[in-house]
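Read off the chains here:
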Amino acid sequence: MKILIIEDDEDGAAFLASGIAERGHEADVARNGRDGLVMATGAQRYDVVIVDRLLPELDGLSLVKAMRAAGSATPALFLTSLSGIDARVEGLEAGGDDYLVKPFAFTELMARVTALARRPTLGAEPTVLVVGDLEMDLIRRTVKRGGQPIDLQPREFQLLEFLMRSEGRVATRSMLLEKVWSFHFDPQTNIVETHISRLRAKVDRGQATPLIHTLRGAGYTLRASN
Amino acid sequence: MPQTRLFRTSSFRLAAIYLALFTVSVLILGAVVYAVVHTQIAAEIDQDVEGESATLLKEYAAHGRDRLQGLIATRGGSFAYGLVDSSGKLIAGEVAAPTAAAGWTYLREPESDEPDGESTVDVRALVTRLDDGGALVVADEWRGARGPIHALLSAFAWALAATLVLGAIGGLLLSSQALRRIEAMRSAAQGIVAGDWRRRIPETGADDELDHLARTFNLMFDRIESLLEAHKAVGAAIAHDLRRPLTRMAQRLETQLGREASRPETAAALEAAIADIHAVLATFNAILRIGQIESGARRAGFRGVDLAVVARDIVEAFQPAAEEEGKSLIAELDAALPLSGDRELLTQMVANVVDNALRHTPSGTQIVVASARRGVGGRLTVSDNGPGAPEAERQRIFERFYRLDAARSTPGDGLGLSVVAAIAELHGMAYVAEDNAPGLRIVFDLRN
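Residue numbers (our numbering), protein chains in the order written: chain S, 1 to 226; chain A, 1 to 448.
Looking at chain A on its own, in the form it has when it is part of the complex (with noise of 0.2 Å):
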């Protein structure tokens, strides 16, 4: 199955959009908990900060500033502390605060535990202004925030990734089987359409909404089937019905004929009468015909047959009447054609196309039957340069009764091609009317 129709499948495109859709809510969701985790530790942050600030501060008031100073020297743990004068000089700790600034502040100070300086680090910090003038800073590292935070920030990226990779997947199989599926529909309505009436669209048991699909186009094929063998069996019923009337009231005329030596214009007229009827009764008999070749009871009388050598007779035979209409009947038929078929019928087939050409072109015509491999099986045209069928009409033609405006006039009862349709499907042939440019050409390939 091709690539870019897996794409353009409606299942698969679905499943992009899924996607697209799932993988912003993940990323929503993400900045979401970003936002409310970064808050969260902050808030800790700065109560842990806070209260330090608050100790030291009480320190402060209780006992001064060189008590401060002292505490600031000694104490441990994980803060970082800054006492600056009124001057702004740092006089304690190792946090140099903005002079002006208070409250709350974010700063970036030089890595303590590596003394290159080449490193730093990011600090949240509180300002406290003193009453002479200094102000203490206690900051504590942002890093406590960095490891959950960024241990978040990839566990998203992770689940985003999982989320592409298997929703991709997911759309390709699911698109896949579904095309899988259409794909069977569409080869079984192509091979009802190319007249094969017996394909249907197979049904997998998933009992699904394509199998209900399925379901109801193959009772419309039912239908249609049993539609069309109605027709066909009305046209077969009235033939055979009225075959029996006719042919007793031909039987009456000649009777009849025999006794009118005497008077020539009621023989004539007897005569006429009767070459009528045999034409309706000729038709009826083609109309059954045609009935029991497509049956395909006459399958199982298949042998080896050139049907190379079936249109060189027929050329032969029909090559003096040819000439004697001024047409040329020209056989290329070197290649050989051989399949299993019957050979009476093929002889019809071919017959009744060289027939049908002959008839329809006027003199000065080139008729040529010619034959030709192509791969494992083998091509045979007719083609003369006549009048040709126009495009539309042209596949018509093997159509029962349809005759060309163009050929109204011309003896024929418009079943010729139609025979000639039958024996090509009941030998698997493939038959089709094209322009010859000018004139029409009748191509059969063979499906060996």
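Chain S extracted, bound-state conformation (with noise of 0.2 Å):
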């Protein structure tokens, strides 16, 4: 992946960086929201760009919504301090794909950056999605496993569905928490887990490889094979 960073503190830029680079992946840093919006709009192409909200020069929502005006379609991940109830929803208004509340964890934001990267580019949506022999009819809303139906309540069915679209990818606790649930906060309960849990029973359960696995320390993730 290629990744831009527009950042105007040093330390979090740096740590944003290199930790990227340790994952393998390319980084490029600017440091305030002018320069920020003539790397994300030139020539060199990038998978996603991370922006602060708070920007010298050009403050973050104004540079999102210039890029989008420029008819720039990279993934926009909003990185914000402002604990802000309205923030999530005024990032998404300008043209953000999505939001982090700082500070967070870097798997949370490796895992947010990697779920953009890899967005279906704009097309047919599909009607199926197959995973290994585990298949779900998004028109029926049945899920078959080995041709075996698999009777799943709708939270349940939701939450099978997001695992399936990002498949291979990670999916954090409260990736899963914001997208199924629609809670942008964290519950001490693990409801995360214990869903999880019940649907393993159901997808997984006799079966001889198993589906979802646990990252620990991350998330979860749903793949065929290890």
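By construction, these hints were calculated from the structure, which means they are not laboratory data.
Nothing here was measured: the structure is a model prediction, and the numbers come from that model.
Where a beta carbon is used, it is the ideal one built from N, C-alpha and C, also for glycine.
Worth double-checking, as some hints may not be accurate.
[Stated by the list, open to error] So these bits of chain S aren't anywhere near chain A, every CB distance computed over 10 Å:
1) GLY19
2) VAL29
3) ALA66
4) GLY95
5) ARG145
[Stated by the list, open to error] Covered stretches of chain S (chain A as the covering partner; in silico rule of three or more C-beta atoms under 8 Å from a C-beta of chain A):
6) 6-18
7) 42-54
8) 102-113
9) 193-205
[Unchecked claim] So the derived label-pair ranges between C-beta atoms look like this:
10) A:GLY375 to S:GLY217: 46 to 56 Å
11) S:GLY42 to A:LEU228: 25 to 35 Å
12) A:ILE238 to S:LEU215: 33 to 43 Å
13) A:ARG244 to S:THR142: 28 to 38 Å
14) S:LYS202 to A:ARG198: 53 to 63 Å
15) A:PRO245 to S:ASP28: 19 to 29 Å
16) A:ALA297 to S:ALA224: 26 to 36 Å
Put the two chains together into one complex, using the hints given.
Listed below in structure tokens is the structure:
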């Protein structure tokens, strides 16, 4: 992946760049909004742009708006130190694709960046999702594994759908809370864990190869093989 | 305003006391005037009677008894006479004097104008013993006194009645006006107690004692409000300023963690340190979030939300976790709870309450989330049959960082229910923690 970091805080930018490099990706850094906009809309194509909300010269919101106005569809992830309840909505309205409140665990950032980078391009929406011998019919709302139907609760269906759509990628706890339950806060109770274990009981129990995997300290992933 | 309260006001009591004092003084004044007038009229009558008596006695001294007898028979005027001989027999006139009597006396005589003898009249009589053993009586009707005294007494009676009526009306008016202003003070103070810090006591502009009192109270409320704001601002400022260095610290530790893959002990220590920093930052974020919610800025984005639907989603999300801990989470949410609000915040509000109930109750507890219609508004309750909270501390669970002794060992920052309180207040809901006998019940009343 090639990632553009637009962040004025030197330490923060260095932390992001080194973390990304350690995971085998490339990162460029812009230190203010104007430079960031030039780089984001320039010749170099980026997979994801990470934008701080508060930037000198041009603030993050205006930057992404300008990017979109210039026809750039590069996914943008906002970083904000405003623990703002409104910050997310504003960010999404400006054309951002995701947002993350500082401080965050690096694994969380990478999971979200990866999800954005591999987002399916706009086109024909699939009606059937397939991972290994697991099949999900999005029209009939049915799930089969090895031809055997699996009975799922609506929320379990949504959870499995999200995991199947991001096959092979990490889905963090907070990503699942946001996308499946629309919870933009972190409950103390282990909601995600218990739902995953129920889903696992229905999808993986009695199967030779489990599909749902736990990544310690990071989240969950669904994939056909190790 | 209730009748009994009106009569219990201090101004009404004061008016009643003044009224009683005034009535007593009117009565005393009446008695004094009556006595003076009575004496005066009696003296005038006595003087007339004495004069007439003296004239007649002069005639008697000069011309003897027969002359006197003739005079009495023919004399007109307002006086009545009587002449008795030594045996006490009335030989002229109509007033028979008691034989032994001499000097002034009151007599009751038949009304001379009405010969039926039925009605009588009081007379003032002067009896003079004559040297032949007889007596002369000169009397005048007391009637002359009756008119003015009667008029005087009735005038006083009317004055007294008027005093009582006007005093009572004045007292009522005075006290109801005072009560209205005190009522305004009370309701303003109650609003402030309920958390509406912007409320102030209205001033009438009369610039009287009550206005001065209202102004002093308002200054006091201004001061309390500014202290409270400063108190909140300090918390928020500390949280805000410490976030940046703590964030950097976490980032540095995390960068280092990536390089310590070969040394698991160091890596574990770094991971624990990072987790602690994140916990501190989460608490700071919660403080800042409460501040944001309390600022009321979110009201601008209010939409129609059914709180019962929000609660149902929460129950559904938390149910597996509850069952895993051996607790049952039950939804009784058939009654819709429509309100204008922020879905995201309301979701967090219900989630925090359910979270709280799950974390502070033992296995086997039953938690019920229920909705009910109440008049125009509605009610959401989250009740459990766990250990509950002591009565004295029940309402304090909504305070920042407040934790029951029993809860100190369980994880949590003591801010979950403060967030709940802030969200409920933002939505104009009344919230209270009650005894569920056994257990705790948190009640939200919607005011639609």
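Comparing the hints with the structure gives:
{"no.": "1", "hint": "GLY19", "verdict": "violated, 7 Å"}
{"no.": "2", "hint": "VAL29", "verdict": "holds, 15 Å"}
{"no.": "3", "hint": "ALA66", "verdict": "holds, 25 Å"}
{"no.": "4", "hint": "GLY95", "verdict": "holds, 19 Å"}
{"no.": "5", "hint": "ARG145", "verdict": "holds, 21 Å"}
{"no.": "6", "hint": "6-18", "verdict": "holds (count 4)"}
{"no.": "7", "hint": "42-54", "verdict": "violated (count 0)"}
{"no.": "8", "hint": "102-113", "verdict": "holds (count 4)"}
{"no.": "9", "hint": "193-205", "verdict": "holds (count 5)"}
{"no.": "10", "hint": "A:GLY375 to S:GLY217: 46 to 56 Å", "verdict": "holds, 51 Å"}
{"no.": "11", "hint": "S:GLY42 to A:LEU228: 25 to 35 Å", "verdict": "violated, 52 Å"}
{"no.": "12", "hint": "A:ILE238 to S:LEU215: 33 to 43 Å", "verdict": "holds, 36 Å"}
{"no.": "13", "hint": "A:ARG244 to S:THR142: 28 to 38 Å", "verdict": "violated, 50 Å"}
{"no.": "14", "hint": "S:LYS202 to A:ARG198: 53 to 63 Å", "verdict": "holds, 54 Å"}
{"no.": "15", "hint": "A:PRO245 to S:ASP28: 19 to 29 Å", "verdict": "holds, 27 Å"}
{"no.": "16", "hint": "A:ALA297 to S:ALA224: 26 to 36 Å", "verdict": "violated, 47 Å"}
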